[in-house]
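Trainee: Chain by chain, the residues run as shown.
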Amino acid sequence: MNKTNTSQNTFIIFFGYLGRCFLRAIESIGDAAVLSATSLAHLFHRPWQGKHIVLQLYALGVGSFVIIAITGAFTGMVLALQGYYTLAKFGSESLLGSGVALSIIRELGPVLGAFMMVGRAGSSITAEIGIMRVTEQLDALQMMAVNPKARVILPRIIAMIIALPLLVSMFDMIGLGAGYIVGVELLGVNGGAFVGEMIAKVTPMDLYAGWVKALGFGILIGIICTYMGYRATPTTEGVAKATTQAVVAGSVGVLVLDYILTSFFL
Amino acid sequence: MQSYRKTEITVGVFVFLGIMAMAWMAIKLGQVGGLGSSGYHVSATFEDAGGLRAGADVMLAGVSIGRVASVQLKGQEEALLQLEIQQGVKLTTDAIAAVRTKGIIGERYVRISQGADDETIEDHGEIEETESAINIEDLVSKYIFSSSE
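In order, the protein sequence lines correspond to chains A and B. In case it helps, the working numbering puts the first sequence at residues 174 to 439. In case it helps, the working numbering puts the second sequence at residues 605 to 753.
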């Protein structure tokens, strides 16, 4: 009798833990959705946040250009190298252009671009808002009748949504250019074949797929990073933990959303 | 305020560059929109389209003169292709359209050979002479069966 009781207790503890984790996850998703929705609703209300959106575009978008350019260049270069190595075995080096272009435009541009943005811009959003919470700047804003959601969260999400597709397009262009340099100049693939195959194989659907992904990742990263910062426990450790969580949740979220969007676009 | 102005200009340059990158890819790579498609349409019926897809090249004398706009089934047994041919390229009414392959394992395309007729096909006209895709398996099996006899 006593033995069954303990095993029952273990079950209860296990299921209790599982249920609690699940409910907490659902709760934070709902909380994040409500927080970003109420923040984004201020887009159509006065006072306009245009100036703050521009400032955030500068910090998040322009500031990330260099890292995006470097990532794009090396991605294109290594893709050309790897693709050449494989394609040369079949004597079909001329397909290199389409291989590099399709991989970058459909997949690597949006995903690697989003990873870089989570790491560089997303973490800074969370840390910044988290420290605003710790130092009670958010409360101070409220005291001055400035809505912190409209002033702090809205511009960051909007800037993220605008900046990511633009940065991903730049990533694509730089990656294709770097792939061309490695493929044509260094490895000696025919330049006409490289460009011709690239133009022949990339369809409008591939471009839309890349841009829709970039847009989706922008929304996701914006929401996750602002939410993590806004709801951070107001201590030093709390902000550190929130920043880590934002980067982890953002990266995993990008990968999951990438699979979902890819399955829609195939 | 001066520094905000500077920020604004930098952001403007950033957005402009991003949009230029998008536009370049859209026009150059994807042939999105009406910028590249100022051609006329010609249909052709094939017994076997050989897995040809929309977007495939249409070639005349080895030069790309358009794209396959759509591939549909016609009357449950034939393939109806809509070809988009560049304006200025005139096809004779007795031109022959054939589904061919670039190289051995290359992609399918439509090869057009001009005829001798003086009249040309109008917009929404039809190429009546067609040759179906060559199926390598059929050729190989024909060869095997004829030699075993």
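Simulated from the structure, these hints should not be mistaken for lab results. Just so it is clear, the structure is predicted and the values come from calculations on it, not from any experiment. A virtual CB, placed ideally from N, CA and C, is assigned to each residue, including glycine. Keep in mind that a hint or two might mislead.
Said to hold, decoys possible - Covered stretches of chain A (in silico footprint by chain B; criterion: 3 or more residues with CB under 8 Å from a CB of chain B, positions within the stretch not fixed):
id	segment
1	226-233
2	320-328
3	368-375
4	410-420
Trainee: Take the hints in turn and mark each one as holding or not.
Mentor: Structure-based check of all given hints:
As drawn, the segment 226-233 of chain A meets chain B at 4 residues by the rule of a beta-carbon pair under 8 Å; at three or more, the given contact holds. Restraint check on the segment 320-328 of chain A versus chain B: 0 residues with Cβ-Cβ distances below 8 Å, three needed, restraint violated. Counting residues of the segment 368-375 of chain A whose beta-carbon sits less than 8 Å from any beta-carbon of chain B gives 4, enough to reach three: the coverage restraint holds. Beta-carbon proximity to chain B at under 8 Å applies to 0 residues in the segment 410-420 of chain A; the threshold of 3 is not reached and the given coverage is violated.
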